[in-house]
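S.K.: Top to bottom, those sequences are chains A and B. For what it's worth, this note's numbering labels the leading residue of the first sequence as 9, then goes sequentially. For what it's worth, this note's numbering labels the leading residue of the second sequence as 9, then goes sequentially.
To be clear, the hints were calculated from the coordinates, so they are not data collected in a lab. As the structure is a computational prediction, the values presented were derived from the model and not from experiment. Treat each hint with caution, since some may be false.
Treat identical chains as interchangeable: a pair holds within one or across any two.
Stated by the list, open to error - Here are the simulated SDA-like cross-link-like pairs (lysine to any residue), alpha carbons at most 25 angstroms apart as the crow flies:
1. K53 / E130
2. K53 / R72
3. K53 / A137
4. K53 / S71
5. K25 / D70
6. K53 / R128
7. K25 / V164
8. K25 / N107
9. K25 / H67
10. K53 / A43
11. K25 / L51
12. K53 / R42
13. K53 / E193
2 protein chains.
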Amino acid sequence: MADADDAVIGRRGSQPKGVARRQEILDRAIEVFRARGADGTSLRKIAEEIGVSHAALLHYFDSREQLLVAVYAHAEARRDKPAALVPGIDTMIDAATRNVEVPGLVTLYSTLLAASLESRSEVGREFFATRFERLRAELTASLRAQQAEGTVRDDVPAEHLAALIIAASDGLQIQWLLEPSVGLESTLRTLGALLRPPA
Amino acid sequence: MADADDAVIGRRGSQPKGVARRQEILDRAIEVFRARGADGTSLRKIAEEIGVSHAALLHYFDSREQLLVAVYAHAEARRDKPAALVPGIDTMIDAATRNVEVPGLVTLYSTLLAASLESRSEVGREFFATRFERLRAELTASLRAQQAEGTVRDDVPAEHLAALIIAASDGLQIQWLLEPSVGLESTLRTLGALLRPPA
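Same shape as in the complex, but just chain A (with noise of 0.2 angstroms):
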């Protein structure tokens, strides 16, 4: 995935040492946004905090956007994930239960989609268009497997349930934040036993 989110996120500096400096420059924004929250904060005061200068900040993200965008795909990149799972229900709730468990991360999220939205995002509408289109083809293509061997209900089109999932798991994420009685596990699980053929 790191790869992918570089090219669209446009990273400069492709030596080595650049790279580092990046990276180094990510985590320390990470922790700032922790703690502070990206609403209302400009580039010029994310370089103070993190102690960096305005023009070092500005050598490698063209914008506040791109730096967010770039900062939310570091912390995704740098979670744990659990390597070679099929796409599907399980992963997704597996995701989303994680998310929830980073101070943050799902505000930040949040914060950069309804961004993107906006006509004049650039960097963020290509990375959300993007990152949706990816997961959605990954989970379409899983959950098509799982209708030819009769553990999902091949009654409706895969893509939809694709979709679906997202939506859902993105909804929950914030419903939960802002009332945790939700139970954001338990509700996709239930989505989960939607799924299942009729027994």
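For this one, chain A is given, so just place chain B on it according to the hints.
M.R.: Chain B alone, transformed into the frame defined by chain A:
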């Protein structure tokens, strides 16, 4: 819904003239957001664009967040709503497809929802927590009645289905805005199919 929202967003100026003026400001503010988006617009700039003084705006709204939440509630209330429909998947499909027809409404909703997750949010957090709670309660009651009459499967908790329908609707509106081929209405109809009891 207007009364509940007014309580949350702390309406001032309860005399008729103040109310009318406030509505007028909100009508003009909606146009500003449609044209410019909600991101990065200060209260002073908004006042300038809608042609009122900054002080006048502060008389009606304590903060930028309060104004934005009021704009969203106002835009939502202003849309024609089908009266006396039983809440359920069909009313949610109807609301979702009408939402995406109003330019900027989903963007404003998503921006405010993301901001409500920030720790310093007060107005927005209360508005959305209350809104989700009311929607979930209405949908749950309605789904329970449908489970009792046999039109919705009853082997899964109605409150999970309610949270899922809202999450799917919110999430799919965003996916659709980024990629219109996703099929907002058809995908939500598939969720409707998942809710029906096995034939």
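S.K.: Take the hints in turn and mark each one as holding or not.
M.R.: Results for each hint:
For the homomeric pair K53 and E130, the shortest alpha-carbon distances inside one copy (22 angstroms) and between copies (23 angstroms) are both at most 25 angstroms. In this assembly of identical chains, K53 and R72 lie within 25 angstroms of each other by CA distance both inside one copy and across copies; the values are 11 angstroms within and 20 angstroms between. For the identical chains of this complex, K53 and A137 are neighbours neither inside a copy (29 angstroms) nor across copies (30 angstroms), given an alpha-carbon limit of 25 angstroms. For a Cα distance limit of 25 angstroms, the shortest separation of K53 from S71 qualifies both inside one copy, at 13 angstroms, and across copies, at 22 angstroms.
Taking identical chains as interchangeable, the C-alpha atoms of K25 and D70 lie at most 25 angstroms apart only when both belong to the same chain, with a minimum of 19 angstroms there against 48 angstroms between chains. For the identical chains of this complex, K53 and R128 are neighbours both inside a copy (22 angstroms) and across copies (18 angstroms), given an alpha-carbon limit of 25 angstroms. In this homomeric assembly, K25 and V164 never come within 25 angstroms of each other (Cα to Cα): the closest approach is 50 angstroms inside a single copy and 54 angstroms across copies. Proximity of K25 to N107 under the C-alpha cut-off of 25 angstroms is found in neither arrangement, the shortest distances being 30 angstroms within a copy and 48 angstroms between copies.
In this homomeric assembly, K25 and H67 come within 25 angstroms of each other (Cα to Cα) only inside a single copy, at 13 angstroms, whereas the closest approach across copies is 53 angstroms. In this assembly of identical chains, K53 and A43 lie within 25 angstroms of each other by CA distance solely inside one copy; the values are 13 angstroms within and 28 angstroms between copies. Taking the shortest Cα distances, K25 and L51 sit within 25 angstroms of each other inside one copy (22 angstroms), while across copies they are farther apart (42 angstroms). Proximity of K53 and R42 under a CA criterion of 25 angstroms is satisfied intra-copy only: 15 angstroms inside one chain copy versus 29 angstroms between copies.
In this assembly of identical chains, the alpha carbons of K53 and E193 never lie at most 25 angstroms apart, being 37 angstroms within a copy and 42 angstroms across copies at closest.
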